[in-house]
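Q: Assemble the complex: chain A is given as a structure, and chains B, C and D must be docked to it using the hints.
There are 4 protein chains.
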Amino acid sequence: MATRRSGLQRGTRRPVIGVMGPAKAGVRELEDARLLGELIARQGWILLTGGRASGVMEAASQGAKAVSGSLTVGILPDEKTKVSRYVDLAILTDLGNARNNVNVMSSDVIVACGLGGAGTVSEVALALKAKKHVILLDAEKTGAGLFRNLAPQLVSTAASPEEAVQMIKDLL
Amino acid sequence: MATRRSGLQRGTRRPVIGVMGPAKAGVRELEDARLLGELIARQGWILLTGGRASGVMEAASQGAKAVSGSLTVGILPDEKTKVSRYVDLAILTDLGNARNNVNVMSSDVIVACGLGGAGTVSEVALALKAKKHVILLDAEKTGAGLFRNLAPQLVSTAASPEEAVQMIKDLL
Amino acid sequence: MATRRSGLQRGTRRPVIGVMGPAKAGVRELEDARLLGELIARQGWILLTGGRASGVMEAASQGAKAVSGSLTVGILPDEKTKVSRYVDLAILTDLGNARNNVNVMSSDVIVACGLGGAGTVSEVALALKAKKHVILLDAEKTGAGLFRNLAPQLVSTAASPEEAVQMIKDLL
Amino acid sequence: MATRRSGLQRGTRRPVIGVMGPAKAGVRELEDARLLGELIARQGWILLTGGRASGVMEAASQGAKAVSGSLTVGILPDEKTKVSRYVDLAILTDLGNARNNVNVMSSDVIVACGLGGAGTVSEVALALKAKKHVILLDAEKTGAGLFRNLAPQLVSTAASPEEAVQMIKDLL
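These protein sequences, in sequence, are chains A, B, C and D. Under UniProt numbering, the residues of the first sequence are numbered 1 to 172, in order. Under UniProt numbering, the residues of the second sequence are numbered 1 to 172, in order. Under UniProt numbering, the residues of the third sequence are numbered 1 to 172, in order. Under UniProt numbering, the residues of the fourth sequence are numbered 1 to 172, in order.
Just so you know, these hints were derived from the structure itself, not from any lab. C-beta: ideal position from N, C-alpha, C; glycine also.
Only pairs whose alpha carbons sit at most 30 angstroms apart, straight line, appear in this in silico BS3-like list of lysine-lysine:
id, chain 1, residue 1, chain 2, residue 2
1, D, K80, C, K131
2, A, K80, C, K80
3, D, K80, A, K131
4, C, K82, B, K131
5, B, K131, C, K80
6, D, K82, B, K80
7, D, K131, C, K80
8, B, K82, D, K82
Some chain C residues near chain D, calculated using beta-carbon distances under 10 angstroms:
id, residue
9, V73
10, D78
11, R85
12, A90
Looking at chain A on its own, in the form it has when it is part of the complex (with noise of 0.2 angstroms):
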């Protein structure tokens, strides 16, 4: 039962994944967050995302958007930020970076995608805190290894895009 493993009461609806992951990326990460968006489309998944213009946020909403019928949700922190022309709904929270822990919230499985950036670490460690399942991309090790020894039975570390879907997968 997915709520069970993930802690979300989710009923009927369909799963909500979360990708994070740095608005300066490097090719790797945003080539991974590409395709782990439309992955994640191609399910029947819903995409959530920071939902700015820029990095891992945009590429995995552009992956998704190749999938016909595909939803991806941004969860903004305010008015002023440019929302990435992939998102189909924008959630506007106005709560600065205080949105990252919406981010976590209203995902069943959180995937970051890279770890270089401080929002992303942030929202990993406060996945963490409120006992979602992460799996990290493309993250160095040294973050790797915080997180692990962080929450154990809650971090994975996925090879590819592919590895990352099926892992959510036997988690929902």
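A: For chains B, C and D alone, kept in the frame of chain A given last:
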């Protein structure tokens, strides 16, 4: 242009119409909320509510889900609150009543269907504070008078769900 | 017991009295806010406001700081807002208007000094939603009527700052 | 100038030093937190913590309250959380873990006393995101390495509470 009128940068995204109203609602409010939800969905607009399984929130979402292709979003205060089964996407904010500000910030136009609850009154006030247009439906005189005094140019009163939808069209 | 009446677990901490009111206030409201702040401080209570350098927030804080040993707290929406120089401790929430809910949650009793602003109206509504006692001072009829209808047992009307302070004493 | 260095407009207000750390802390962390709280209070600075009645939060507040004239502020997640009896002023945010962002936004400088909890890790990350200086005390290597990589110019490591206080002095 929607952008200028509603104060929300919207790009090519579908309009988001927020329907607010009491969890404990009367028959008239519930019927109006249901019809309003349906009419909003028929326009192709996204319906946003507080997401709970009661009152105006549930009735509006139920109305929208009677329309094929509709999308209903619920902005929930926390994980414990029961989510309406007519909500497609639940944003679990963990913000308590501060989530009321997310409701109004994320909506292009707000319709308050009944002013009989403190939560709804807070949402109308927060909407006006954020310079959003609010349409009052089924509002008793005192509340309507207060809000018209506060922000005459942002508050309209509709006599029916049909009229509310016409007003939204004019605003978008 | 303060705990039972105010709904706030308070232990041995000094009571916190929230004074809410418009940034653009009239002469009467400003004078009442100043006196109210002073009387609150004379009781040894902590004064909490929205913290801005204008209107009722500034006047109440100024009144309190005329009393030796007083403590004034301001709950600010963001880093850019000018903080009143009469605020001893500024809590910078970065929550925008959602900070209004922090104001009322953190106060044992709330006094609204004037209801002429949408922000203040939202604070009274959020206070009632949280089952907090609200004392209305300098409230015009419409607003007072609306809130008394919403929550008759939580709303009182004071004719003067002195009467408001007497009501707070009875509530604590 | 404090204003330029800390990024916080502070006027004549006393500096606010945030001490973050796990609710479940080891003996070393608790002793350091207690001494840190005391040293902060001796400087006349305001101590800000997460306010709970456990771990580093309680130890730091207890240390500060051993000093006459000290002021301790606790930023609590909700009304149900037990507040430390060493907290003078409790801000009840009702924001869940999103209150962690309020903690760091409201502090001029942040000291993390132990990195063994996901909440503390989120606070350090949110502090760096907000361009705040963070001093790490009792940090294990992995966490310290991660944060130094993320923001080399904002992260310092102190070997003792005394050194942390000296670093704060240099920053203010």
